[in-house]
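Start from the sequences, fold in the hints, and give me the full structure.
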Amino acid sequence: MQKRVEELTIIDKQVIRNDYICWEIQSDKVFDKIVPGQFINIHVKDSPGTFARRPFSIHTIDYHHNSIQFMMKVVGDGTKALSKLEIGDKMDVVYPLGNGFSISDEEESLLVGGGYGVAPLYHVAQELIAKGKKPCFLFGARTQNNFILLDRFKNIAELFITTEDGSAGHKGLVTDHPIWKERIASIKKIYSCGPESMMEAVAHIAEKNNILCEASLDQVMCCGVGVCLSCIKNTIRGNEATCLHGPVFNTNDIVW
Amino acid sequence: MVDLSVDIGGLIIKTPVMTASGTCGYGEELVDFMNIPDLGALVVKGTTLEPRQGNDYPRMTETASGLLNSIGLQNKGVHYFHDELYPRIEHLNDHIIVNVSGSRIEDYVSVCEILSDLTKCTAVEVNISCPNIKEGGIAFGTSCSEAAKVTKEVRKVWKKHMMVKLSPNVTHIAEIAKAVEDEGADSVSLVNTFLAMAIDAQSRKPILSTITGGLSGPAIKPIALNMVWQVYQAVKIPVIGMGGIMNAKDAIEFILAGATAIQVGTATFIDPASCIKVIRGIEEYCNEQGVKNVRELIGGLII
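Residue numbers (my numbering), protein chains in the order written: chain L, 105 to 360; chain R, 4 to 306.
Keep in mind that the hints are not guaranteed to be accurate.
[Unchecked claim] Heads up, simulated PhoX-like pairs for lysine-lysine below, C-alpha to C-alpha not over 20 angstroms straight-line:
#1 LYS117/L with LYS107/L
#2 LYS337/L with LYS79/R
#3 LYS149/L with LYS152/R
#4 LYS162/R with LYS107/L
#5 LYS162/R with LYS123/R
#6 LYS194/L with LYS238/L
#7 LYS133/L with LYS238/L
#8 LYS285/L with LYS238/L
#9 LYS152/R with LYS162/R
[To be verified] Here are some chain L residues pointing at chain R (derived, C-beta under 10 angstroms):
#10 HIS169
#11 ASN170
#12 GLN173
#13 VAL331
#14 LEU333
FYI, nobody ran anything at the bench for these hints, they're computed from the structure. As the structure is a prediction and not an experimental result, all values here were calculated from the model. Glycine residues also receive a C-beta, built at the ideal position from the N, C-alpha and C atoms.
If you want it as structure tokens, here you go:
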């Protein structure tokens, strides 16, 4: 879909455990195809110390209502200012940005997420399911309380979790989960999003087992359209702007 | 109908608004947001003789009312521009201005020679003011004799419009402007970014990988405006103003201070359609003020 700058209206706001917000924003124009893994870049008003836009992955799209859902963790001045907006208010958004995941035809795929990096994997799973495929989620967090909206994911596909403190699921990192041993032969594609160390570890497993793997990188961004060159990642082709050539990369192309 | 065309020194452009180098890529990144042919000129990313990877990440941080960057002239080199990029973008504007940078004077000369045969490349912007490369760049722009030397050598090989981009990191910017005017510059563009830094108090470390970088955005606008005013009074060649222009009102201020045309830079990072919005706004201003021709406003500051 063509990129655009637009004022979208907030039609839903769910505050989860004080510091996570799940937003739904609506356009009055019809959406063309938005690819899972693409992101939006929001202008922050009423925050004197905030100058650059703030990027967020798209969690899911409602094509009937031309609305976008995305999740936000309130961490700094920019997200704090945005968190004060209410249903009916407008957000100044540049979207849809970045390349997104390539939703391919592999029968079985593993969607590995960490922290609130799980958000865009919901949209990935929806697309896979629509194609008749069987995605499976594997999410990791430090502790049980770092997971959000797990039920939502559980409702559409099989879900495995790990926690570093053992408060839920398998104790350890996502890469320690037994599913790797049990299903490694049948998994043909990995989609990952989360902390870079997690995505790198997952990429190494994928490489060793010859599995196609894509990761959505989270460099600090500014323009979101590939002109400021601040969000670069070193790849086999040299430094590339993750907002334009990514955020999703084939992990074999990334120089970690 | 307002006449927005201006003559920037033997080169007539249809509106006084250009992109600023390093803030619009090669124009193709912005085609979804605006009609690039409507711009006065498209000033593309800084180009060097050899490809450059640029500086390490992190390269940018926000500050109050501005951005601090140290990209370090990441580009694929002039040959790649000439053979691959130019054919892709030549339809985007009648004036594709290439910002030329280098570590040695010979590099500036070589780059300009290679660009000479590109029809739509009607001008170069000689960048003697990049604060983010280890050698060259700003070093040429902070001394009158060095600035004159680069201008003189480029002038020998570049027969089309030569714009020289000045650094604000000097005591008397008007002196530098006069030095490049004397060596044949057709126009001067100013200002590039201000040397600045940002520190993370928690970790006690610099935020940028290069420790220091260049500050841009609304934070620098009043200083840039003064510099344009100073240079306008000192030289006869046209002045291209820039530094924190976010909207048409800012652009008009620069034109009143003496700028014949202006460049929009950091604003594009916040709104990728900024350039076109500035053009529309200038047109509205002229209509409201009964100005038939934007040229009437150049240096029109009432004192």
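Each hint, compared with the structure:
1. LYS117/L with LYS107/L: 24 angstroms, violated
2. LYS337/L with LYS79/R: 16 angstroms, holds
3. LYS149/L with LYS152/R: Violated: LYS149/L and LYS152/R sit about 46 angstroms apart, past 20 angstroms.
4. LYS162/R with LYS107/L: The given pair, whose Cα atoms are some 39 angstroms apart, is violated under the 20 angstroms limit.
5. LYS162/R with LYS123/R: Given that 20 angstroms is the threshold and the Cα spacing comes to 14 angstroms, the pair holds.
6. LYS194/L with LYS238/L: 37 angstroms, violated
7. LYS133/L with LYS238/L: With Cα atoms ~32 angstroms apart, LYS133/L and LYS238/L exceed 20 angstroms; violated.
8. LYS285/L with LYS238/L: Given that 20 angstroms is the threshold and the Cα spacing comes to 18 angstroms, the pair holds.
9. LYS152/R with LYS162/R: Given that 20 angstroms is the threshold and the Cα spacing comes to 17 angstroms, the pair holds.
10. HIS169: This hint is violated: HIS169/L lies away from chain R, its Cβ roughly 23 angstroms from the closest one there, beyond 10 angstroms.
11. ASN170: With a minimum Cβ separation of about 18 angstroms from chain R (threshold 10 angstroms), the hint on ASN170/L is violated.
12. GLN173: 23 angstroms, violated
13. VAL331: 4 angstroms, holds
14. LEU333: 5 angstroms, holds
The earlier numbered hints that this structure contradicts are 1, 3, 4, 6, 7, 10, 11, 12.
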